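Here the protein sequences line up with chains A and B, keeping their order. Okay, so the first sequence: first residue is 1 according to this note's numbering, each after it adds one. Okay, so the second sequence: first residue is 69 according to this note's numbering, each after it adds one.
I should point out that these hints are in silico values taken from the structure, not numbers from a laboratory. Since this is a predicted model, take the numbers as computed values, not measurements. Incorrect hints may have been included.
Distance ranges between label pairs, derived from CB positions [said to hold, decoys possible]:
hint	chain 1	residue 1	chain 2	residue 2	range
1	B	395	A	16	26 to 34 Å
2	A	40	B	259	35 to 43 Å
3	A	11	B	190	41 to 49 Å
4	B	306	A	49	42 to 50 Å
5	A	49	B	250	35 to 43 Å
6	A	36	B	288	48 to 56 Å
7	B	185	A	36	28 to 36 Å
8	A	30	B	161	27 to 35 Å
9	A	12	B	232	36 to 44 Å
10	A	36	B	335	20 to 28 Å
Glycine is no exception: its CB is placed at the ideal position from the N, C-alpha and C atoms.
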Amino acid sequence: MTVAVVVAVVVIVAVAVAVGLVLRTRTSSDGVDSFRRQIDALSPEARRPTVDQVKNVERPGDDEPEDQ
Amino acid sequence: MARDLAIDLGTANTLVYMKGRGIVLNEPSVIALNRQTGEVLATGREAWQMIGRTPGYIVAVRPLRGGAITDFEITERMIRLLLQRVGVSRFTRPKVVICVPSAITEVERRAVTDAARRAGAADANLIEQPMAAAIGADLPIDEPVGNMVIDIGGGTSETAVISLGGIVALEAVRVGSFDIDAAIQNYVRREHGIAIGERTAEEIKVAIGSADPTHDENQAEVRGRDLMTGLPKTVILTPEEVRSAIEDVVSSIVSSVIRCLSKAPPELSQDFLVRGMYLVGGGGLLRGLAERIERETEVPVRMSNVPLEAVVLGAGHVIEHYEALKGMFMGARR
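Sequences and hints are given; from them, build the entire structure.
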């Protein structure tokens, strides 16, 4: 009975440690991934389609305010 | 299904970028109301044309000053009407990214997001104007190099150093091109004894205003109301007079650029000498301003190809890559 309890506790602790390690690894790699995604999304190639859309913008006339 | 939107809620103009479509609205941030009933009579360009020319029962107002909401209710109504014009209804509630000055307070942030949500947005997030401007001006902010952007708007002037997708140094002053117009109005009233409206002051700024002497300088005829007689009167204004009238405002903007330069880490500072600083925003179009900043900082100043649209284009890019760039929102955990 005592042995069974000790084994169960050891197994629970081992599983908890394993889960903790997996989550910790995943969190740190998530940080790297999300930073990489952000930097990639800010690259000139990624921005090209958005910035190019201004070519279609109609410029305001002389009688309109220019400040922004 | 609503298309998500990016909004540059400027003191002077409001621009809206629709995901997948580009800039769909570019209108002055003005609303005209019936003073007695509170009914909205016009927004945007139509309302702007009414400024200073309305009968007693109509009031045409700019609900934002210094980049901040001065009248929450009117701003909300203006945003709602602008969103309706780009197809937002109670059944189509888009995600919205709004560009705001980086120096706004927590209360002002909440006022902007609440106004957007009440106006029909499903979710509203904020992004700093200089960051959006740097994205829209196509600066290489994804690289570990110093990018400096100066955004001079109607009510605020912000200078930021950006590297690797984040703001490294920032300096903001609640001074912009409306303060230049006000300085011209005050000068003409004080020195020539005539009252002029804010639209006339803006026309003077555009026609002969400058921050530094330029090659082609002409005088301008200014028409207003004589403060003594009450009759219409014309006076001649020279570019030197306008320069001296706006000197305090220009100095304040240049000083904030210098303060930002002094905050930048040395490794990035050296990049500015090679890459220069980029000027965006309508206020940056003031003649001689780039030259003045360049003269006082000894750093090259370049004008963005899209000075008026850079901010909304940057926010539009964030909307296009929402998941990847949501960490750039104000208040997001970095």
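36 to 44 Å was suggested as the range; check whether the CB atoms of residue 12 of chain A and residue 232 of chain B agree with it.
holds (43 Å)
Do the beta carbons of residue 395 of chain B and residue 16 of chain A sit within 26 to 34 Å of each other?
holds (30 Å)
Residue 40 of chain A paired with residue 259 of chain B, Cβ distance criterion 35 to 43 Å:
Violated, at about 56 Å.
Satisfaction of the hinted span 48 to 56 Å by the C-beta atoms belonging to residue 36 of chain A and residue 288 of chain B:
Holds, since residue 36 of chain A and residue 288 of chain B (Cβ atoms, about 54 Å apart) stay within the stated range.
Note whether the CB distance of residue 306 of chain B and residue 49 of chain A lies within 42 to 50 Å or breaks it.
holds (47 Å)
In this structure, is the beta-carbon distance linking residue 11 of chain A and residue 190 of chain B contained in 41 to 49 Å?
holds (46 Å)
Could you say whether the range 35 to 43 Å given as a hint is met by the Cβ separation of residue 49 of chain A and residue 250 of chain B?
holds (40 Å)
Is the distance from the Cβ of residue 185 of chain B to the Cβ of residue 36 of chain A consistent with 28 to 36 Å?
Once the Cβ atoms are compared, 32 Å apart, the range 28 to 36 Å for residue 36 of chain A and residue 185 of chain B holds.
For the hint 20 to 28 Å, verify it against the beta carbon of residue 36 of chain A and that of residue 335 of chain B.
holds (22 Å)
Falls inside 27 to 35 Å, the C-beta gap from residue 30 of chain A to residue 161 of chain B?
Holds, since residue 30 of chain A and residue 161 of chain B (Cβ atoms, about 29 Å apart) stay within the stated range.
Violated hint for the displayed structure: number 2, the only one.
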